[in-house]
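**Student:** This is what each chain is made of:
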Amino acid sequence: MVPVLVFAAISLVTLGGAIAVVTNKNILHSAYFLVLAFVGVASVYVLLEAPFIAVIQVLIYIGAIAILIIFAIMLTRRLMSKDMEERNQQWIWAALGALLLFGVLGWLVYNANWPVIEAAVPKEPITLMGEELLSTYVVPFEIASVLLLAALVGSILIGREKDQESRSAE
Amino acid sequence: MADLINLIENWLEKLMLGWGASQELSLFILQAIGSVLVVIICFAIVIALIWVERKLAGRIQDRFGPNRAGPFGIFQSFADIIKIFTKEYITPEGAEKGFYNVAPVLAIASVLAIWAVFPFAVNVLGADIHVGVLYIVAVGAFGILAILMAGWSSNNRYSLLGASRSVAMLISYEIPMVVSLLVPVLLAHSMKLSDIISAQQPWWNLIVAPLAALVFLISSMAEIGKAPFDLLEAESELVAGYHTEYSGMKFGMFYVAEFLHQYTVGALITIFFLGGWGGPLAVQWPILGFIYFHFKTFVVYLVISWIRLSLPRIRIDAMLNLNWKFLIPVSFINLVAVAIADRVMLEFSVARWIYVGIMFGLNIFILLVSLFLAGKASPEVERETFPANRPVAVPPGTESK
Numbered sequence: 001m002v003p004v005l006v007f008a009a010i011s012l013v014t015l016g017g018a019i020a021v022v023t024n025k026n027i028l029h030s031a032y033f034l035v036l037a038f039v040g041v042a043s044v045y046v047l048l049e050a051p052f053i054a055v056i057q058v059l060i061y062i063g064a065i066a067i068l069i070i071f072a073i074m075l076t077r078r079l080m081s082k083d084m085e086e087r088n089q090q091w092i093w094a095a096l097g098a099l100l101l102f103g104v105l106g107w108l109v110y111n112a113n114w115p116v117i118e119a120a121v122p123k124e125p126i127t128l129m130g131e132e133l134l135s136t137y138v139v140p141f142e143i144a145s146v147l148l149l150a151a152l153v154g155s156i157l158i159g160r161e162k163d164q165e166s167r168s169a170e
Numbered sequence: 171m172a173d174l175i176n177l178i179e180n181w182l183e184k185l186m187l188g189w190g191a192s193q194e195l196s197l198f199i200l201q202a203i204g205s206v207l208v209v210i211i212c213f214a215i216v217i218a219l220i221w222v223e224r225k226l227a228g229r230i231q232d233r234f235g236p237n238r239a240g241p242f243g244i245f246q247s248f249a250d251i252i253k254i255f256t257k258e259y260i261t262p263e264g265a266e267k268g269f270y271n272v273a274p275v276l277a278i279a280s281v282l283a284i285w286a287v288f289p290f291a292v293n294v295l296g297a298d299i300h301v302g303v304l305y306i307v308a309v310g311a312f313g314i315l316a317i318l319m320a321g322w323s324s325n326n327r328y329s330l331l332g333a334s335r336s337v338a339m340l341i342s343y344e345i346p347m348v349v350s351l352l353v354p355v356l357l358a359h360s361m362k363l364s365d366i367i368s369a370q371q372p373w374w375n376l377i378v379a380p381l382a383a384l385v386f387l388i389s390s391m392a393e394i395g396k397a398p399f400d401l402l403e404a405e406s407e408l409v410a411g412y413h414t415e416y417s418g419m420k421f422g423m424f425y426v427a428e429f430l431h432q433y434t435v436g437a438l439i440t441i442f443f444l445g446g447w448g449g450p451l452a453v454q455w456p457i458l459g460f461i462y463f464h465f466k467t468f469v470v471y472l473v474i475s476w477i478r479l480s481l482p483r484i485r486i487d488a489m490l491n492l493n494w495k496f497l498i499p500v501s502f503i504n505l506v507a508v509a510i511a512d513r514v515m516l517e518f519s520v521a522r523w524i525y526v527g528i529m530f531g532l533n534i535f536i537l538l539v540s541l542f543l544a545g546k547a548s549p550e551v552e553r554e555t556f557p558a559n560r561p562v563a564v565p566p567g568t569e570s571k
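These protein sequences, in sequence, are chains E and W.
Counting from 1, one number per residue, gives the positions in the first sequence under the working numbering.
Counting from 171, one number per residue, gives the positions in the second sequence under the working numbering.
Because the hints were derived from the structure by calculation, they are not lab data.
Be aware that one or more of the hints could be misleading.
[As the list claims (entries may be wrong)] Some chain E residues close to chain W (C-beta under 8 angstroms, calculated; not the full set):
| # | residue |
| --- | --- |
| 1 | F33 |
| 2 | V35 |
| 3 | P51 |
| 4 | L59 |
| 5 | I62 |
| 6 | I69 |
| 7 | M74 |
| 8 | I126 |
| 9 | M129 |
Every residue gets a Cβ at the ideal spot worked out from N, C-alpha and C, and that includes glycine.
Using the sequences and the accompanying hints, generate a full structural model.
**Tutor:** Structure follows, in structure tokens:
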């Protein structure tokens, strides 16, 4: 009974936060509600006894992505003004697309044949995961690293180019 | 007597079971009591720390420090608490009320949350999760969120500037901090805090990995956001940075969060590099472990205070250069070198003292080489030259008589 109540409370927070993200007028408030939704998702992972994924969720989604979004909003002056419209004429198409996506995902989740493993969760799941990542799944792991490195170099390149242009213009 | 905390816990549990409470309920109540106790002890420590800090600052700056309320001014903090509680709360016009009020709570919660996983003695543990180290790193993000919230919601340019600086600093210094934390994890082969402490029982990580300890000390001092890294609340430039507009207890919460953060960093260094609760007889007498833990933490706290009271504020470009051009490369090289050395020596199963000696030598070698390279790479500092007739009180270059 208690786990169900806890799950209900967490779901309420997550869904409430997610709804507040899209309905809020102030975009910075939306960003902070997004953080709330992420906290809710992390709590669900804790309930599922997956502390590693929960902590990673907090670390990456709140510690990196949410802060990046908030910082970008704070540095963009026009987004912060009070008369900013949160919708344009295309909202109806966006809503239709979102509904369609929701329908497809819902159908998938409902009809998918989820595999269930009878064995208990191993005692040291992180150790196992690390070993698997560096043995069986080493190629995807390395490809992901190279992708991240490429993104890093690309972002530095974009930043530098702009800097030099503005300097030569002076 | 030796195991006071568990003695009380067992007695309480038996008492509650005797009253007819279920096993889960009594466990829940005990855990609730435990977490409340940790919070209360933290706040009590902060009250003492503020007095110590001010007295120390006074001595270092050649003055007395608080000396009116009680002997040696011990009751100064209590007078300040009463003052801060009775002050008016001022909310600036145009402030975002909700965010403005939530920010100080979030700031203090983000620091207190770290204490949830600390092992205080051999059998007095917080939540001893498998991902303790990652948890500590992850929870720190909420502190940055709180600073951003406070800076933005105050509707004050100085606050916003302080918050923007905080992001540039806190996020970039998180990288060397996390990478240097990986070294103790690597040496203990575990991210569990209790494993990290028991792995360094005879030989502390300060001896096995001194370079990681140094990088962690510097980068976590930047994370605290006090001098020499107090750019986010630089008095001479930004009034008080992100908490300019706060008054009364709301300011007090930021203040307490800052002091508690410094003590928490002391605790982290104790856990990762100074053997945590370890010490003579700490296993047989857990209560001694508790005392050792807080004693070591306090010593580290004093060292941090000493550094920050002795050094002037670092310039913003120098701050970023120190991080990106020195700390990050050094910490990565250190991590790779330690990983290789650890693996090779485990393969050959060398004696423990040789292992420690080689690790220590390797760390010192990397530190010296990187300091030498940094000295070579940085150009000779060119002092700004002033025109001869520039009206200054003491023209540069003149000897003081």
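**Student:** Each hint should be assessed against the structure and marked as holding or not.
**Tutor:** Against the structure, the hints come out as follows:
1. F33: violated (11 angstroms)
2. V35: Hint holds; V35(E) Cβ to chain W Cβ min 7 angstroms, cut 8 angstroms.
3. P51: Since chain W brings a Cβ to about 5 angstroms from P51(E), closer than 8 angstroms, the hint holds.
4. L59: holds (4 angstroms)
5. I62: Interface hint status for I62(E): holds (5 angstroms vs cutoff 8 angstroms).
6. I69: Nearest chain W Cβ about 11 angstroms off; hint violated.
7. M74: holds (6 angstroms)
8. I126: Check passed: Cβ of I126(E) comes within 6 angstroms of chain W, closer than 8 angstroms.
9. M129: violated (11 angstroms)
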